[in-house]
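A.B. asks: Single-letter residue listing:
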Amino acid sequence: MSATANTTGAQVRTQAAAPPRGTSSPRAPVATSAEGRSASLATRMIVASSILALVVAAVFAAFLVSTIELRHSTGRASHSKDVSIAALQLEALVVDLETGLRGFVLTGSPRFLAPLTRARKELPMRSSGLIRLSAGEPRQEQRARALVGDIRAYVDDYVLPVVRIARIDSATARGAVATIEGKRRTDEIRSRFDRFLKIDSRRVADSVASANGTADVAIAIGAAGLAATTLLVLAFGLFLARSIARPVREAAEGAKRLADGDLSLRLPGAGPGEVGELTRAFNSMAESIQRGRTELESQNEQLRESERVKSELVSIVSHEVRTPLASVLGFTSLMLQHDFDEEARRRYLGIIDSQARRLAQLVEDFLDARRLEEGKLELRREPVDLGALLEEEVELFRGQSSGHELRLEARDGSRSHVVLGDSGRLAQVVANLLSNAIKYSPEGGAVDVSISGAEGWVSVFVRDQGFGIPEEQHAQVFTKFFRGDAATHGIPGTGLGLVLSREIVEAHGGEMGFDSSAGAGAVFWFRLRSPD
Amino acid sequence: MYGTYATVLRGQVNSAQSAGAPATDRWMVLICEDEATLRELVRISLGGDDYEFVDAADGVSGAQLARQLQPDLVVLDLMLPLRSGLEVLEEIRSDARLAHTRVVVITASSNRREAVLAAGADRFIRKPFEPAELRMAVEELLDKR
Numbered sequence: 001m002s003a004t005a006n007t008t009g010a011q012v013r014t015q016a017a018a019p020p021r022g023t024s025s026p027r028a029p030v031a032t033s034a035e036g037r038s039a040s041l042a043t044r045m046i047v048a049s050s051i052l053a054l055v056v057a058a059v060f061a062a063f064l065v066s067t068i069e070l071r072h073s074t075g076r077a078s079h080s081k082d083v084s085i086a087a088l089q090l091e092a093l094v095v096d097l098e099t100g101l102r103g104f105v106l107t108g109s110p111r112f113l114a115p116l117t118r119a120r121k122e123l124p125m126r127s128s129g130l131i132r133l134s135a136g137e138p139r140q141e142q143r144a145r146a147l148v149g150d151i152r153a154y155v156d157d158y159v160l161p162v163v164r165i166a167r168i169d170s171a172t173a174r175g176a177v178a179t180i181e182g183k184r185r186t187d188e189i190r191s192r193f194d195r196f197l198k199i200d201s202r203r204v205a206d207s208v209a210s211a212n213g214t215a216d217v218a219i220a221i222g223a224a225g226l227a228a229t230t231l232l233v234l235a236f237g238l239f240l241a242r243s244i245a246r247p248v249r250e251a252a253e254g255a256k257r258l259a260d261g262d263l264s265l266r267l268p269g270a271g272p273g274e275v276g277e278l279t280r281a282f283n284s285m286a287e288s289i290q291r292g293r294t295e296l297e298s299q300n301e302q303l304r305e306s307e308r309v310k311s312e313l314v315s316i317v318s319h320e321v322r323t324p325l326a327s328v329l330g331f332t333s334l335m336l337q338h339d340f341d342e343e344a345r346r347r348y349l350g351i352i353d354s355q356a357r358r359l360a361q362l363v364e365d366f367l368d369a370r371r372l373e374e375g376k377l378e379l380r381r382e383p384v385d386l387g388a389l390l391e392e393e394v395e396l397f398r399g400q401s402s403g404h405e406l407r408l409e410a411r412d413g414s415r416s417h418v419v420l421g422d423s424g425r426l427a428q429v430v431a432n433l434l435s436n437a438i439k440y441s442p443e444g445g446a447v448d449v450s451i452s453g454a455e456g457w458v459s460v461f462v463r464d465q466g467f468g469i470p471e472e473q474h475a476q477v478f479t480k481f482f483r484g485d486a487a488t489h490g491i492p493g494t495g496l497g498l499v500l501s502r503e504i505v506e507a508h509g510g511e512m513g514f515d516s517s518a519g520a521g522a523v524f525w526f527r528l529r530s531p532d
Numbered sequence: 001m002y003g004t005y006a007t008v009l010r011g012q013v014n015s016a017q018s019a020g021a022p023a024t025d026r027w028m029v030l031i032c033e034d035e036a037t038l039r040e041l042v043r044i045s046l047g048g049d050d051y052e053f054v055d056a057a058d059g060v061s062g063a064q065l066a067r068q069l070q071p072d073l074v075v076l077d078l079m080l081p082l083r084s085g086l087e088v089l090e091e092i093r094s095d096a097r098l099a100h101t102r103v104v105v106i107t108a109s110s111n112r113r114e115a116v117l118a119a120g121a122d123r124f125i126r127k128p129f130e131p132a133e134l135r136m137a138v139e140e141l142l143d144k145r
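So the sequence lines, in the order shown, correspond to chains W and G.
Take the first sequence: its position 228, counted from the start at 1, is 228 in our numbering, and no numbers get skipped.
Take the second sequence: its position 26, counted from the start at 1, is 26 in our numbering, and no numbers get skipped.
The hints are simulated quantities; they were obtained by calculation from the structure and are not laboratory data.
Note that the coordinates shown come from a computational prediction; the quantities given were computed from them, not determined experimentally.
Any given hint might turn out to be false.
With the C-beta cut set under 8 Å, the calculated list includes, among others, these residues of chain W facing chain G [unchecked claim]:
{"no.": "1", "residue": "Ser315"}
{"no.": "2", "residue": "Ser318"}
{"no.": "3", "residue": "His319"}
{"no.": "4", "residue": "Arg322"}
{"no.": "5", "residue": "Leu325"}
{"no.": "6", "residue": "Ala326"}
{"no.": "7", "residue": "Leu349"}
{"no.": "8", "residue": "Ile351"}
{"no.": "9", "residue": "Gln355"}
Now the in silico label distances, taken between C-beta atoms and shown as ranges [claimed, not checked]:
{"no.": "10", "chain 1": "G", "residue 1": "Glu90", "chain 2": "W", "residue 2": "Arg380", "range": "44 to 54 Å"}
{"no.": "11", "chain 1": "W", "residue 1": "His338", "chain 2": "G", "residue 2": "Gln70", "range": "24 to 34 Å"}
{"no.": "12", "chain 1": "W", "residue 1": "Ala388", "chain 2": "G", "residue 2": "Gln70", "range": "46 to 56 Å"}
{"no.": "13", "chain 1": "W", "residue 1": "Leu379", "chain 2": "G", "residue 2": "Gln70", "range": "49 to 59 Å"}
{"no.": "14", "chain 1": "W", "residue 1": "Val418", "chain 2": "G", "residue 2": "Gln70", "range": "51 to 61 Å"}
Ideal Cβ positions, reconstructed from N, Cα and C, are used throughout, including at glycine.
The whole structure should be built from the sequences, with the hints applied where relevant.
C.D. replies: Structural data, given as C-alpha cells:
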C-alpha cells in the first residue's frame, strides 16, 4: 500500500496541474474566457497529453527501478549462499584434517593420512575461494582471512608437528596435552566458522528479505501505475468526450435545427478554447440570422402595409375621380345627343362646371399635400375676419346640403374675430371641417359651428352628430389617406382634408385638434393667435 | 330613425308625355345614390316618359324603400352612407317579394364586378358611364320580364 501512496501523490499532482479536467464543467470556460485567460484547446490537449505521458513514464521508471533493485537483491542473496557453501566446504576440510590426524595418531595406520593429505592439498584453493567470495564485504573478508589464518596456523603449528611426532613416538602424540591443544584449536576454528556462517546467513536472510520487499514494491508500483494510468486515460477520454465531442455534437445538432428553421435556438455553455469559440460563433450566427429574419419580416410587414396603403390610395383616387367624372361625361354626352331647353342646358352646364371644379380641387389637394411635404406652401399674411369667413362658408354649405341643419353661433357675442393669415387657405380649412361634419352626420342631423375669442386666441369649433371616432383610431386621424370607417359607411373622400387643414393651421402658428368617441359625434376645433 | 332623403319624382324630363300615361303603366325605378347630380343623370339618361323614379341617398332608406315599394328596377351605387350597396343588394335578393326586381349596380369601384354579380345583380356598370349604355341595359332588363 505504501507504493499506492507514492502514485496517489502523482495523481494529486496530475489533478492539480490538469485544468482540462476541470474545464469539462460548462461554467469554468465561460469564466476564464470572460477574463481573457482561456487557453486554446490545442494547448489544453498538449498539456493533458504531456501530463498523461509524464505520469505513465514516472510509473514505468519506478517499476523499472524496483525491478533492477529486485535483481540486485536476488544476486546478493545468491552470492551470500555461495559464500556459505565455500565456508561449509572449508569447514569440511578442517573436519577431514582433524579426523585424519586423530585416526593416524590413535592407530598409527598411514591409511588415515590419505584424507588429511587430500584436505591439505585442497586447503589453499578453498581458502582463497572463500576470501575471493567475501571480497565484496570488507568485514566478512577480514573474518574469512582470520579464519583462513587460523586454519593455516592449525595445520602448520599443530597438525603437521603432531603427524611428525606420531611417526616417531605415537605415545607422546596421544598425550593429553596434544589432544587438549588439538581440541582447543579445532573448537576455536569451529566457533569462528559458526560466527562467520551466522553473519553470512543473516546477510542472506537480509538480502532475501530486501529482495522480497523490493519485489513487493515493484508489484505495488506496477499495479498502482496500471490503475493510475487506466484512470488517467479514462479521465482524458472523458475530458475529450465532454469538452469536445459533446459540444461539437450539440453544435452539429443545433446547426441542423437552425437549418430546419428554429432560429430561437442557442447552445448552452461554451466549452474550452476552440470549442467555446465554435459555440459562441454558433450562437452569434443564430442571433444574427434571427435578427436578420426579424428585420426582414418587419420590412416585409412595412412593405405589405405600404402596398395596402398604396392600393387603398389608388382605390380612393379612382373613386374620387370617377364620381365627378361620371357627372361631367354623362351630362356632356346627354347634351351632345339631345336638345334640351335653355333652362335645362344651363342647369346641366352648372353641374358639369361644379363637378369639373371638384376634380380640379382634388388635383389641388394632392398638389397641396405634395407642397406641404416639400415645405413649399406659401401663405399670405393679411387681416382676416374669421367670423365673417365662417358666415360665408356656412351659407355656402347650407345652399349645397339641404339635408342638414347648419347652425352658427358666436359664443362671446362678438361678430368680429380678426386674425392674420391667408383668407383662401383659412376658407379651405373651414370648408373642409364643414364638409366633413356634413358627410359624417346622418341626413337631417345638425352641424353646430361656433367661434369665440379669449386670451389672445380665436377658436373655431365644428360639432357633428356622426358615428364618431373610436379611441383606437385617434392617433391616425391626421395621417394622410386615413379615412377610419368612412369607406364602410360609403362616405367619399381622399383622407387628405384634415391633414391639409392641420398643416395650414400650424403654418399660421395655430393649433388643431378634436374630441370624439365612438357613436358620440365629433368636435373638430382650431385656434389662431389674434393680433394685439 | 333619420329622416330619409327619398322623394318621389314623377317624370321630370318630359312631363308632357309622362303626364298622359297612367301611373300603373310606368316602371318604378328606385335610385340609390348619395350624389344628387348622379341621381339626376340616371333619371335623364333613362328618359322620363316610361318611369316613375324614387330616390334614396343612403343604404338604409334604399333598403326600406325597396321593401315598401317593390320597384321594377333598382339602380344601386355601392358606396352608400349608413349601409353599403352590397348589403342592400343582398337584402333585396333575400326578399321573395322582390324576386321580380332587377338590379343595376353603378359604381366607381373598379374591382367589384364578380362579387356584385355573384350577389345577384343583373348588370354591373362602371362610373363614368355612357347614358345610352345605361338606358339600353335598363330597357333590355325590363323588356325581358
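A.B. asks: Would you mind marking each hint as holding or not holding in the structure?
C.D. replies: Each hint tested on the structure:
no.: 1; hint: Ser315; verdict: holds, 7 Å
no.: 2; hint: Ser318; verdict: holds, 6 Å
no.: 3; hint: His319; verdict: holds, 4 Å
no.: 4; hint: Arg322; verdict: holds, 4 Å
no.: 5; hint: Leu325; verdict: holds, 5 Å
no.: 6; hint: Ala326; verdict: holds, 4 Å
no.: 7; hint: Leu349; verdict: violated, 12 Å
no.: 8; hint: Ile351; verdict: holds, 5 Å
no.: 9; hint: Gln355; verdict: holds, 6 Å
no.: 10; hint: G/Glu90 x W/Arg380: 44 to 54 Å; verdict: holds, 52 Å
no.: 11; hint: W/His338 x G/Gln70: 24 to 34 Å; verdict: holds, 31 Å
no.: 12; hint: W/Ala388 x G/Gln70: 46 to 56 Å; verdict: holds, 51 Å
no.: 13; hint: W/Leu379 x G/Gln70: 49 to 59 Å; verdict: holds, 57 Å
no.: 14; hint: W/Val418 x G/Gln70: 51 to 61 Å; verdict: holds, 58 Å
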